[in-house]
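All chains should be built: construct the whole structure from the sequences, respecting the hints.
Protein chains in written order, with this note's numbering: chain Z, 1 to 247; chain G, 1 to 282; chain F, 1 to 639; chain H, 1 to 243.
Bear in mind the hints are in silico, worked out from the structure with no lab data behind them. Possibly wrong hints are sitting among the right ones.
[Stated by the list, open to error] Restricting the straight-line Cα-Cα distance to at most 20 Å, the calculated cross-link-like pairs of lysine to aspartate or glutamate (EDC-like) are:
#	chain 1	residue 1	chain 2	residue 2
1	H	Lys26	H	Asp38
2	F	Lys107	F	Glu94
3	F	Lys193	H	Glu27
4	H	Lys23	F	Glu274
5	G	Lys98	F	Glu619
6	G	Lys156	G	Glu256
7	H	Lys210	H	Asp24
8	H	Lys26	F	Asp90
9	Z	Lys212	Z	Asp174
10	G	Lys253	G	Asp170
11	F	Lys533	G	Asp152
12	G	Lys98	F	Glu506
13	F	Lys193	H	Asp24
14	G	Lys172	G	Asp152
15	H	Lys210	F	Asp90
16	H	Lys23	F	Asp90
17	H	Lys26	F	Glu274
18	F	Lys193	H	Glu21
19	F	Lys510	G	Glu256
20	G	Lys172	G	Glu256
[Claimed, not checked] Computed Cβ-Cβ distance ranges for the label pairs, DEER-style:
#	chain 1	residue 1	chain 2	residue 2	range
21	Z	His97	G	Val136	29 to 37 Å
22	F	Tyr109	G	Ala23	52 to 60 Å
23	G	Ser69	H	Leu237	28 to 36 Å
Quick reminder that beta carbons are idealized off the backbone N, C-alpha and C, glycines included.
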Amino acid sequence: MRRTIGAVGFVALLSGIVALVGLGFTNQTYHSSIGTLRATTSAATTACGKPMVAQQLSFATYADSSGTNSAGQLVHPGGNPNWPSYGPSNIFSVKAHACVTMTITQFDSGGALNNPYFDSIQGTVGDVATMVSNQPSVSGCPSGQSFTYKGTYHQISPCDVGHTFTMRALPGVDPGFFLSVPLPLAGNGNNECDLDSCPKVTVTFSFISGPKGTYAWNCEFPCGLNVGNFGAVMSAYGYMSGYLHVV
Amino acid sequence: MSSEHPDLSADATVASPPLKPDAKENKKNVTVIAALWLVLTAIGIALSIWLTSALLPSSMSTEMGGVRSTVLVFSLAAAPVVAFVLATSIYSLLAWRKAPGSADVPPPDAPPLRGNAAATGIWLLTSSVLVVFLLVWGLSEWSAQQVVQPNDLVVKVTGQQWIWNFTYPDAKVDSHALVVPLGRQVQFNVTSLDVTHGFWPVQLGQQVDANPGLVTTIRVTPTHLGHFVVRCSQLCGLYHAYMYAQGDVVTAKAFEQFLEHHGASAATSAKVALLAARQGGQ
Amino acid sequence: MTTLSDKPLLEHTVLSTAAGRLYRRQNVFTAIATGVVLAALVWWITNSIFSGGAWADDMTTVCMLTAWVVGFNLGIGTFNAVIYWMLGIDQTHEDELYAAGVGQGRKRYLKYCTDHKVVGTQYLVLVFVLFFVGGTLAMMIRTQLLSPHSSFLSPQTYNSIVTIHGMCMIIATIIMVSGPFANFIMPIMIGAKDMAFPRLNAMSIWVVISAVPCLVWTFFLDGGVNAGWTTYAPLSVQDGTAMDAFAITIIVFVVSVTVAGINTIVTVATMRAEGMTFGRLPVFVWGSVIGGALGLYAMPAFLISMCSMIADRATGTSFYVASGGGVGWLWENTFWIMGHPEVYVILIPPVAAMIEVIATFARKPVFAYKVIIGAFAGIAGLSIMVWAHHMFTTGWAPDLAGPFMLTTELISIPTGIIFLCIIGTLWRGSIWTRLPMYFVYLFLWNFIIGGVTGIYLSDVPADNYFHGNMFVTAHFHYTLLGGAMIAGAAGLCYWFPKVSGRMLDERIGKVAFWIIAVAFQVTYMAQFIAGAKGMPRRVANYDPMYHVENFVSSLGAYALMVGWMVLLYALVVSWISGEHAPANPWHSKTLEWHVPTPVPLENFLVDPVVTGDPYGYGEQGPAAAHVTFEYDGDRGGHP
Amino acid sequence: MTTTATDVHDGAEHHGHFTPEQKDRKERMAVWLLIGGDAVFLALELFTWFYLRALNVSDGWRYSLATSSNQYPHCPGDSCSPINFTGEIPKIGSSWTLIVTVLALAAGAAVWWAEAIARKRVGRSMLVGALLLTTVLALAAVVAQFVQFQHLPVVEVINNATGSPIKMHLGTIMGTYASTALFYMGANIAHFLIVLLVALGLTLRASRGKYDASFYEIRLGRLFFVWVGLSTLVLSLVSILFA
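As C-alpha cells, then:
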C-alpha cells in the first residue's frame, strides 16, 4: 500500500516536471505582442465580383524588427535589429467566405528571388494588386534601369522584389487554396527606416477567403542568411512566417 | 558484508536433472506447436490481405500497384515466420513454465540442449530461400520500373523552402499544382533551389529527393483518374509540414486544355527559361 | 575451505593524506566551475578576435563549447594522469587507490573514479537522465500531434524538439548497456579486477557527461537545431549556432565511444581469468566486444561528418553547399556509414545481455553458442555494407539499389539466427518467470514485428512509398525501443541485485511491465497505420485524415511514459529500501554472481579459475560448475 | 627497480599497476585499435576527396570564378550576384605539401632511431637526443602545415566591376577542392599535435630515466608516429596527383 502511494506520487512528480517543461516550450513558441490581428468588417462589397461580406486587414513589413511602428506598437516582441519582419502581428484572423482586402505597407529594400516563379500574383481577385508609393521610382534591375511604381500590377521583375506574401492552407483544410503576392522593393540600400515619411510602397489586394481553418503564410523572398539565404530570419518562426485563421 | 565466496559446489550437485529429454514428450510438443503455428499463420495471412487493402491508398499508377503487391507478397511470406516465433514462445510459456521450488529458488535445471545441427541448418536454409525470394521479387519490380516508354512527358519539379512548383518545359508552362495525363509515362526531373527536399507524389507510389545543384529522376505511369497529394518527405526546415502540393491525373484531352489554359505567354516562357538557366548554372 | 574473513579488503586501506594528489581536490563541482570559467574566457577572446567576421558566431560557439568540455575535464581530473605522465611523474599505488575511490564513500560517485563499478553506476544514472530528457521531449511531440492543427508548439520549436529527442535517445541507447553493464558486469564476468584502462574508463563517462549540457543548450541557441537528428546537410548548414553546439556534442561523444570501445576490446583480450578461453566467454562478453568494435568502425564516420559540418559553418568551406560544388549526398553517405552500424552498436549488447537472462531463467545452456556468436559477428560485418538503404530514394546511384537491397536483406539471416537461438534455449526449458523473463517475451513480440516491417523498407519498390513516412518511425521504434531498450530492461532487472545490492520490487516492476507492454503496442501500431495511409514523418501539423491514429498514438505514448516512470520508481525505491540481495539470487553460473554483493574493490578476493563455459545447467562435473576459486599462493591468492 | 605495486601489495595487478610486459601488450593492442579507427577516418577523407571530385556539382571542384557570375542569370551586372570576379582556384603548391610530408615521415624515422638506441642501450643522453629530435620534427611539421594552411586560402582575382586585382580568402564560393584540401591540412595538424605531445612526453620521461629499464612506450610511439607519417604521405599524394 505504501509503495502504491509512493508509485503514484512518484509518477505524479515526474509528470509534473514533464508538464513544466511543456509549459516552458509553449512559452518559447513565439507570441505576437498584440495577439491575433483581426480583420475589420465593413459594408458588403462587390470588390470580389459579387456582393459579399467585406473585411479589411492592414499590416506592414519592416526592415528593422526591434522598433515600434507608427501606431506605437512593438513591431516584434523578440525583435532583432538586423532582421526584417511582418508586423505588428504575424497571426491574422478573417471570416470564412468573405472578400478580404489586405493592405501591406512595405518599408524594406529588396533584390532577387531564388525562384522567379514568385514574381507574379496568384490567387487574388483578378490575379492583380495595386501599389502606391511615396517615391516615384527606385533604381532597379537590370542595374541602371529604374523601377517605377505604377498602379495595378500582375507581375514585377524577379529582382525588384522586397518580400512576398505567400499563403496556402494547412494540410487537409482547403487544398486548392494558394495565394502569392510579390511586394516590390521600397528603396535601395539597407533600409532601417520604418516611419510614414520613409520610402514605402503600399500594396492592396483582395481575395476570397476559403472555408474555416488555419492557413500558413510565409515570405519567399530570400532575406535570411546561409544556404539559399533562407537561414536565420527566414527559418525563425514569427518574423517572415505566420498563420491566418479563417473563422 | 560477507567476504565469503558463495559456495558453488552446492549448485552443481543439488539438481540432478533428467539428462535426456523424453522423446514422447517431444513429439507432443511438436504437434501442439505445429497446430498453433498453422492457426497463427492463417490469421497472419488474413491480416496481411485485409490490412494491405484497407490501409494503403488505392493504386493510381502502375508503380503504386507494385507497392501494393510487394507489401502483400512480403506480408504473406513473413506470416509463417512470425507465426512460428509466436507459436513457440507462447507454447513455451504455457507448457514449460515451472513453479520455482520456493520464492527464491529456481526450478530444477532443464535437460541441456546445446545445439541441433538439423534445426540450425533448416532455419538457415529457410531464411536464405526467403531472402533470395525477397531479392528476386524486389529486383524484378524495380527493373520493371526502370523501363522508359517512348513519348513520355517530362515535368520539371522544383522544390524550395517550402513550396513545390512544376514546369512543363515543352509547353512553357509553370504551375503550383501538378497535372499529369492518364496512361502516359511521366518523367519527373527533380531539383531543389536550397536544401534537400523529398518529392513524394503519395498515391503514385514513387519518391525521390530534390537535391540542390543536381537533377534526380523518377518515372510513373498513371493508371487511374483522380486526385493525389505531393508531399515533402525530407525534413526541410520551418514549414516542412506545409510543403505539399495538389495533383490530378486527368484525361489526355483535359491535360491539353490545362496547358492551353495556362497559356504560353511571353512572361511565362521567359520565366521558364530563367528558372532553367538558374538551375543549370548553380 | 579456507575462510577469507581475515583478509583485509582493499577499500579499507587507510591512505595517507598525500594520496591522490590533485584528485583530492577535484569533483564534479570543480569541474563545472573550471568549465564555465574557461568557456567564458574563450568566449571573450574569440568574440573579440572574430567579431564582425562572416562566421563569427559559429566560430565563437565552437571555441567556447570546446573550452567548456576541456575545462570540465581538466576540473574533474581526466587529464591529470596524462600531464603527470608527460612530466615523468608516476602514480604511486596510493594514488591509484585514491583514484579508485578508496576512503571516499559515496562521494566517489561525484568524482573521477577509476573503479569500473563506480563508472558503471555513473553510466546507469546518466542513461536514466538521458532517457528522461528524451522521453519528456517525446511527450512534447505527442502533445503537439494530439490534434491535426495544434499550435501547442511553433513549427520551429517542434523541429528542434524532434531533433534533440532523436539524438538524446540515440546517445542514451548507445550507452545504455555498453555503459553500465559492459563496465560493471563484463570485467567480473571474465574474471578481471578492473577494465584494462581504468583511467580511460573514467574518462569515457566524464567526457560524455560534459557533452550533455551542450546538447540541451541547443534549445537556447538560435531556436534550436531544426534539421532532425540526422541533421541532413545543407539544411543543417543553414541552421543557427545551435547546430555548432550539436556538432560539438557529437564530436565529444565520439571520443567517449571510441575510448570505451578500445577499452572493452583490450580488456577482453588481455584480462581474462585463467581458463577463460574464448570458447568459454559468456555471450554478453562477445556482445560487448562486437558492439565495441563496431562502434570503433562507425564513430570515425560520425567524426568526419561533424568536423566537415563545422568547417562549412565556421570557416566557410563548401562540402555541402551546392553553389560551391558541395553536395548533400556526401553528408548522407558518411552519416549512414556511421548510422547503420550504430544501430547494431545499440542492438547487439542488449540482445547479448538478454541471452544471459534466457539461459539463467530457462535453466538451460544457450542453444548453439558458437552459432549465435557467429550471428553477432555476421550482423556486425554486414551492417557496414548496408548504409545506402537509407538513401534508396535520394536519387544517389540508382544502380547500387540491387547490391544494397541484397546486403540489407542478407542481414535478416543472422538476425533470424538470434531468434532461433532464443527459441532453442527456451525449448523444453524450466521457464522461471521472474521479471527479467517478462521483458524477454516482450522483446520477442516487438522485435519480430520490427523485423518484418523492416523488409518492406529494405525493398526499393516498397521503400519508395514508405520512406520518410510514419511507418519508418514506427519501425525503428519497434526495433530500438521495443527491441533494444526492452532487452536492456531485461538485463537491468537481471543485474539489478548485483549492481545495487538490493532485490528489485517485482510487484511494482510487473505493473510497470504490463503498462509498458500494452502502451507500446498502442503507440506504435497507430503510427504504422498512419504511415501506411501516407502520413509523412517529422511534421508539426498533419492532415485531419490521420487524426484518429495520432490521437491514439499520443494517448499510448503518455501511458508508455507512465510505465517507464513506474519502472523507474521500482528501481529507485528498491535501491533505497529493497531487501538485501544474496550474492547469487538467480543461481546463475556466470562469474559476476560468484563475487560478494556489494562487489569489493578489484572484485575477486581470490583468483577464479574457469573450468567450463557458464551455461552448464543440467549438466554435471567440474566443467558444468564454470569456475573454481584458486587458493594457491603462487597466483597471488591468499593462503 | 623502483617500488611497484608488487612490493606494496600482494603481487596481483591493481589499479593501473601492471608489469611492463602486461602494459606493453595492452597498450600495443589499444594503439593498434586506435590506428584502425584512424584508418577508417583516413579512408573517409579519401572518399570525400574522390566523391566530390567525381561528382563535381555545379562544376564546383576547381572552377574558374569567371563562369560563376552566371549564377543569377536574371540579375545581370552585379545587382544581385555575389560573385563578379575573374580568377581561378590555384592548385596547392606541392613544395609545402612535400615539406610537411617529409617532416612527418622524418619524425617517424627519428623515433624509430630512438627505439633502436633504447634497444641497444646506447645511453640515456643519446636516447633523449633522438627523442628531442622527434619532438622538434613534429613541431616543425605542425608549423609547416600551419603555414601552408594560412597561405593556401588566399587567391588573387580580378574584380570585374573595377578591373583591379584583389586578394580574397577562400570561402564557400571557392569550391570543394579547396575545402577538402583545407580539411586534409586541418586533420594533419590535429595528428601532428598528438605526435608532438607524445614525443614531448617521451623526451621528458627519457630524461628522467624512465626508459632505462623498459622502453615499450617508445615502441608504441614508433607505431603511432609511423602511421601518422604514412597517412600524411597518402593524403599528400592524393592532393598532388588528383587535384
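* Asked: Has the given pair, Lys26 of chain H with Asp90 of chain F, been kept, meaning a C-alpha gap of at most 20 Å?
  -> Roughly 18 Å between the alpha carbons, so the hint for Lys26 of chain H and Asp90 of chain F holds.
* Given pair status - Glu274 of chain F, Lys26 of chain H, alpha carbons within 20 Å -> Within the cut-off at roughly 17 Å; holds.
* Between Lys212 of chain Z and Asp174 of chain Z, is the straight-line Cα distance small enough, at 20 Å or below? -> holds (9 Å)
* When you check the alpha-carbon spacing of Lys210 of chain H and Asp24 of chain H, does it fall within 20 Å? -> holds (14 Å)
* Asked: CA of Lys172 of chain G to CA of Glu256 of chain G, is that 20 Å or under?
  -> holds (13 Å)
* Given the hinted pair Lys193 of chain F and Glu27 of chain H, is their alpha-carbon gap at most 20 Å? -> With a Cα-Cα distance of about 17 Å, the restraint between Lys193 of chain F and Glu27 of chain H holds, given a limit of 20 Å.
* Hint consistency between Lys23 of chain H and Glu274 of chain F [alpha-carbon to alpha-carbon, up to 20 Å] -> Judged against 20 Å, a Cα distance of about 18 Å means the pair holds.
* Does the alpha-carbon distance linking Lys156 of chain G and Glu256 of chain G stay inside the 20 Å limit? -> Roughly 17 Å separates the two Cα atoms, so the pair holds.
* Asked: Between Lys193 of chain F and Asp24 of chain H, does the CA-CA distance stay at or below 20 Å?
  -> Holds, because 18 Å separates the two Cα atoms, which is no more than 20 Å.
* 20 Å Cα cutoff - pair Lys253 of chain G, Asp170 of chain G -> holds (17 Å)
* Asked: Is Lys533 of chain F within 20 Å of Asp152 of chain G, Cα to Cα?
  -> With a Cα-Cα distance of about 29 Å, the restraint between Lys533 of chain F and Asp152 of chain G is violated, given a limit of 20 Å.
* 20 Å Cα cutoff - pair Lys107 of chain F, Glu94 of chain F -> Distance of about 18 Å is within 20 Å: holds.
When each numbered hint is compared with the structure, violations occur for hints 11, 19, 21, 23.
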